[in-house]
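Number of protein chains: 2
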Amino acid sequence: MEYSNCWLQYHSLSNANQREIVVLCKEKSAILLNAVNELDLAFHSLYGRKITVVTEEDRYQTAKTGIYLKSDSSVSMQDNSKDGYTITCAAGKCTITATGEAGLLYGVFALLRNLQVQKVADFDVWSFQEEKTPSNPLRMLNHWDNMDGSIERGYSGKSFFFGKDELLVNERTVMYARLVASVGINAVVINNVNVKGAATALISDRYYNELHSMAEILAAYGVQLFISINFAAPIELGGLATADPCDSSVRSWWKKRAEELWSKVPSLGGFLVKADSEGRPGPFTYGRTHADGANMLADALRPFAGLVIWRCFVYNCQQDWRDTKTDRARAGYDNFMPLDGTFADNVILQIKNGPMDFQVREPIAPLFGGLKNTNIILEVQIAQEYTGQQRHVCYLIPWFKEILLFHTCCGKTNDQVVDIVSGRTYNNHNCGIAAVSNTGDDFNWTGHDLAGANLYGYGRLAFDTELSAETIATEWISETFGTKEKIQEHVLKILMMSWRTYEKYTSPLGIGWMVKPNGHYGPDVDGYEYDRWGTYHRADHKGIGVDRTGSGTGYYDQYNEPLASMYADITSCPEELLLFFHHVDYDYILTSGKTVLQHIYDTHFEGADEAEMFLELWQQLQGMMEEDIYQRTLERFLHQKDHAKEWRDVINSYFYRKTGIIDQYHRPLY
Amino acid sequence: MEYSNCWLQYHSLSNANQREIVVLCKEKSAILLNAVNELDLAFHSLYGRKITVVTEEDRYQTAKTGIYLKSDSSVSMQDNSKDGYTITCAAGKCTITATGEAGLLYGVFALLRNLQVQKVADFDVWSFQEEKTPSNPLRMLNHWDNMDGSIERGYSGKSFFFGKDELLVNERTVMYARLVASVGINAVVINNVNVKGAATALISDRYYNELHSMAEILAAYGVQLFISINFAAPIELGGLATADPCDSSVRSWWKKRAEELWSKVPSLGGFLVKADSEGRPGPFTYGRTHADGANMLADALRPFAGLVIWRCFVYNCQQDWRDTKTDRARAGYDNFMPLDGTFADNVILQIKNGPMDFQVREPIAPLFGGLKNTNIILEVQIAQEYTGQQRHVCYLIPWFKEILLFHTCCGKTNDQVVDIVSGRTYNNHNCGIAAVSNTGDDFNWTGHDLAGANLYGYGRLAFDTELSAETIATEWISETFGTKEKIQEHVLKILMMSWRTYEKYTSPLGIGWMVKPNGHYGPDVDGYEYDRWGTYHRADHKGIGVDRTGSGTGYYDQYNEPLASMYADITSCPEELLLFFHHVDYDYILTSGKTVLQHIYDTHFEGADEAEMFLELWQQLQGMMEEDIYQRTLERFLHQKDHAKEWRDVINSYFYRKTGIIDQYHRPLY
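Which chain is which? The protein sequence lines are A and B, in order.
FYI, the numbering used here numbers position 385 of the first sequence as 386, with every residue one higher than the one before it.
FYI, the numbering used here numbers position 622 of the second sequence as 623, with every residue one higher than the one before it.
Source of the hints: derived by calculation from the structure; they are not laboratory data.
Careful, some of the hints might be misleading.
[To be verified] Lysine-lysine pairs mimicking DSS-like chemistry, simulated, CA-CA at most 25 Å apart: (1) A:646 - B:517; (2) A:83 - A:51; (3) B:197 - A:159; (4) B:646 - A:517; (5) B:197 - A:165; (6) A:165 - B:165; (7) A:543 - B:326; (8) B:326 - A:646; (9) B:646 - A:326; (10) B:159 - B:133; (11) A:642 - A:517; (12) A:165 - A:133; (13) A:197 - B:165.
[Claimed, not checked] Here are a few chain A residues that sit away from chain B, every Cβ distance over 10 Å (derived from the structure): (14) 46; (15) 58; (16) 118; (17) 202; (18) 252; (19) 407; (20) 491; (21) 527; (22) 542; (23) 571; (24) 650; (25) 655; (26) 659; (27) 660; (28) 671.
Glycine residues also receive a C-beta, built at the ideal position from the N, C-alpha and C atoms.
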């Protein structure tokens, strides 16, 4: 089993000072043992230094160099901050203080990260102070791994959680736990939200032992295991005639199942549920509401402090494309707003960042700022389903920052998405962020080596939403590639440009969906235009875009004012979302002075040029890193350069053929 | 195992005369036993009459009613006609004469068919005379069945030849043999031309026993078994380092393999080969020609009179869509014409009817009329890959008739496709027709019950190319549904209209390919437009079509004169192929007086209306046939009606959006 250590390489910083380091750790819990192990491993790699673990304060006090992992439950802290930590380093002594064990582990990873980012040559003379409380209570990863080993929307090989309908519990599981814990992830769902076949039986005695082993490995890194469940499990697994959430036999089936499950896997966090969506069963089958369904499960899980995370990705996937009034973008709000305030306290609604589905650009889903009495998790996707599938580089953290900083106008203060999901706005604690994971059993975990920045970055951002995308990228580059300046500079430039570059050469101005159906890779402008998925651009020879104002689908009105008015008015609508909200003529003039059509041409030529520039920037790094990393990433950049041109030419030619209007710079169109 | 008898139902004609029938059959070969069995089964069902088999002429002469299966090897006959037969019936005595045993079997099936078609109530007073010699030496079916049980482009369930990497030899195999023999098929390839995995090992001892059983069942119905082989078998199966056809170790590997194979399965007919096509291995890998590859195999198979059938479906499937000079339509001719005259006598080139790939309408492949010194088989497809996938009704025999009757202008006489493939034109005998089969393990064999007419019709037409599509349909209806007049009338009307109806509501004027990629089902006008498959329509806001004249790809010039000039001149080019040969403006006026665009609108509305009419015609037959046949076919007609509207609206709306030109009758466009 071969795998990379990703950003836990601990590239050597100096071998000048090899003095022993005394680590004081009074307790011997699994988490603290792992924290100490990490220090051992890291200091050996970074400095060639050994650590000695002691439990007596004396030995630490008399040592020249020492690290004190200090549990301090006396400090009264708010709910989130059980995972918080304080680091104080000076003159060779470093104290990491935390209320909880996970906080101490995070402190250790923070210490190691800062040593690398600051290129600290001598730990003994370093002064450092940091105090952090995680921004979000829940910082989750959702894996869409199937039990046959395949991964839905996976672009990095096969699953390392499952194979041949069995759980895989091995040394890679430990490495996974280290990686995600190092960036602050504290909860993972290991199986696909589309629960079928053997996965339905994950909550049966067939898998209890393996689940328990998996859960313990994760828990020893402060990570809680969650499971996606099949809402029809009472039928498929229990042999009942119904899965009606209001049926007493169903309710008691889930209660008993939960009792059994938690007795075998006590550290389990709860369930993730995709119900009544894209063919999955749910409460609608029985004329019940999502609240009926979620609350029924919540009742069953309450004795074990289990959470029910209920996805809001519910829409009609059998739409008639001729119907211009039905609007998939409306569906989440229309379905869930009427239920606000009716969900149990251990239910959390998980809401995708946009109203559609992880396009390179979308408005923020109006349920953020809509729901006021419901626990919410923001769902983002680091699996690059619509953003280049880890063959193109697309660093998503700048986009996630925009999402988090969006003002929903739900109140005068604390109205940003980040305020809502952190629990600040409505003073709740079952909330946070989840990301659909981009991992698989490829050597480098993420297919594209640079996609590692999204896995790292997502975790870091979820833990500390104040961090800038650039800071996070810089950290990741230092930890992954070491501190060579040219790598630092070129990779940072590529990463920071990459999302907007991808946006430029793909579908324009917020319209989305110009991808090949099913696989979602590569351009196909009309691929979804005459289909049932509710994803249209409505282009004709005169114009393009979806009218979601009052004269159209009325979607704009799901936003709080003044957002609704801003989106409805073509002159105030942000131009990057112009075609999402408005149907406009190709000769409509943008603030740049360009027509919409010329803007499309220009951005596509620019985007493809930038992809070519990424390749050149990368090629200048040959010899500065391990050759195999260089080569496998080079291949992806070569492909991205060609594929960006394909995107450019298909999109531009489509509009050229439809309009007959040439590019004002006479660049080739076909 | 449940399956229908299809057209071998033998619906009762009369029970008035139940006198015994004496069948004189002097030999007891497997084929003759099957012929006698068929008489037994049929006369019991048709008339409630028993047959008694005798070997002595006396017993037959003294009987009141008798059938004489008479082998007459004294008659000198041309090559084809070993499968021919003569039937003479009068006053209760009927003699079927043939040179070969298969001829006698065909005579029996012909006798039974004629009794049904003519609704003969009393066999004893029936006078009948028929003499037939099959039009084509080889009358093949190609099954694209994979050994895991799936079928490539299969629309009728799973394979009945294979499952879980094993051959299935059972009573359904016998029924299959009866069905295909009854219409004159004399050769079948049971495995997919894309030979992968276990199928590569079909020619190894792992499968010899099962192959032998399969071959013997088929041979007992006059059907020869062929196998698709993997050109890379010497590597994958033999462990050689190469599959180079000029390498002596490769040549001797194939020789030895053939010796072993024929020693175990002596009735084997030969190999079908798809090489250097769509990713399959072939001689190009080693810088060799198709002739090198085919002749090498031919050498190995010659001692056993084995045939090598080599497919000409070779083209560049990595084309740049921006490149308007490269033309997939040219590929077959460009690849194979230079090799004319270089193939061994036991090699046959198998050529698809059109230069592209089984579209609803294409010109005839110019290799017909081009190749003069090469054995040829015409390949058609009754699997309705591009013609509604056996969910739409599309009776293809009218189309096959057009193909066969096409004058290639390769000479003054005998210049039709039918002349060439029958061997008439160039006086050869390794030639004929092959069809990609439409069968699977569905109860009705063909998914759509009415698709049975294509299986039946293909065989009948291959045996007797003089038959009209209408005659064949009428036969099939009588044999399948019995003789009720209203069924006769409605089903005949549906069948005879269905191909042109399908053409009307799908891609217009010969351009093809407006289907969803990969699955090939349902409309997607641009689905293949910006892709690598060489299948483009080149539509812009002003016009549509591919210029294949001298100003374009020059494809027209692969035809003999005066065809080349006819196609090149827009005024003489047949309008149903207009967009195949010319790029024309939407306002170009057709002979109907309509513009191209209005023609598109009109045909699409007409076609969808006709599909609705088919449904109504079918609904009027309820109660006149078995309810389950009625119902499962009704479902398909309901779907076809809706899906034809989907086709209509997508195609029309695409052009409306591209041009802004409304329908002159103001019908809805979207």
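Here's how the hints hold up against the structure:
{"no.": "1", "hint": "A:646 - B:517", "verdict": "holds (23 Å)"}
{"no.": "2", "hint": "A:83 - A:51", "verdict": "violated (30 Å)"}
{"no.": "3", "hint": "B:197 - A:159", "verdict": "holds (23 Å)"}
{"no.": "4", "hint": "B:646 - A:517", "verdict": "holds (23 Å)"}
{"no.": "5", "hint": "B:197 - A:165", "verdict": "holds (23 Å)"}
{"no.": "6", "hint": "A:165 - B:165", "verdict": "holds (18 Å)"}
{"no.": "7", "hint": "A:543 - B:326", "verdict": "violated (30 Å)"}
{"no.": "8", "hint": "B:326 - A:646", "verdict": "holds (20 Å)"}
{"no.": "9", "hint": "B:646 - A:326", "verdict": "holds (20 Å)"}
{"no.": "10", "hint": "B:159 - B:133", "verdict": "violated (36 Å)"}
{"no.": "11", "hint": "A:642 - A:517", "verdict": "holds (19 Å)"}
{"no.": "12", "hint": "A:165 - A:133", "verdict": "violated (42 Å)"}
{"no.": "13", "hint": "A:197 - B:165", "verdict": "holds (23 Å)"}
{"no.": "14", "hint": "46", "verdict": "holds (45 Å)"}
{"no.": "15", "hint": "58", "verdict": "holds (67 Å)"}
{"no.": "16", "hint": "118", "verdict": "holds (45 Å)"}
{"no.": "17", "hint": "202", "verdict": "holds (24 Å)"}
{"no.": "18", "hint": "252", "verdict": "holds (39 Å)"}
{"no.": "19", "hint": "407", "verdict": "holds (34 Å)"}
{"no.": "20", "hint": "491", "verdict": "holds (31 Å)"}
{"no.": "21", "hint": "527", "verdict": "violated (5 Å)"}
{"no.": "22", "hint": "542", "verdict": "violated (5 Å)"}
{"no.": "23", "hint": "571", "verdict": "holds (21 Å)"}
{"no.": "24", "hint": "650", "verdict": "violated (6 Å)"}
{"no.": "25", "hint": "655", "verdict": "violated (7 Å)"}
{"no.": "26", "hint": "659", "verdict": "violated (6 Å)"}
{"no.": "27", "hint": "660", "verdict": "violated (6 Å)"}
{"no.": "28", "hint": "671", "verdict": "violated (5 Å)"}
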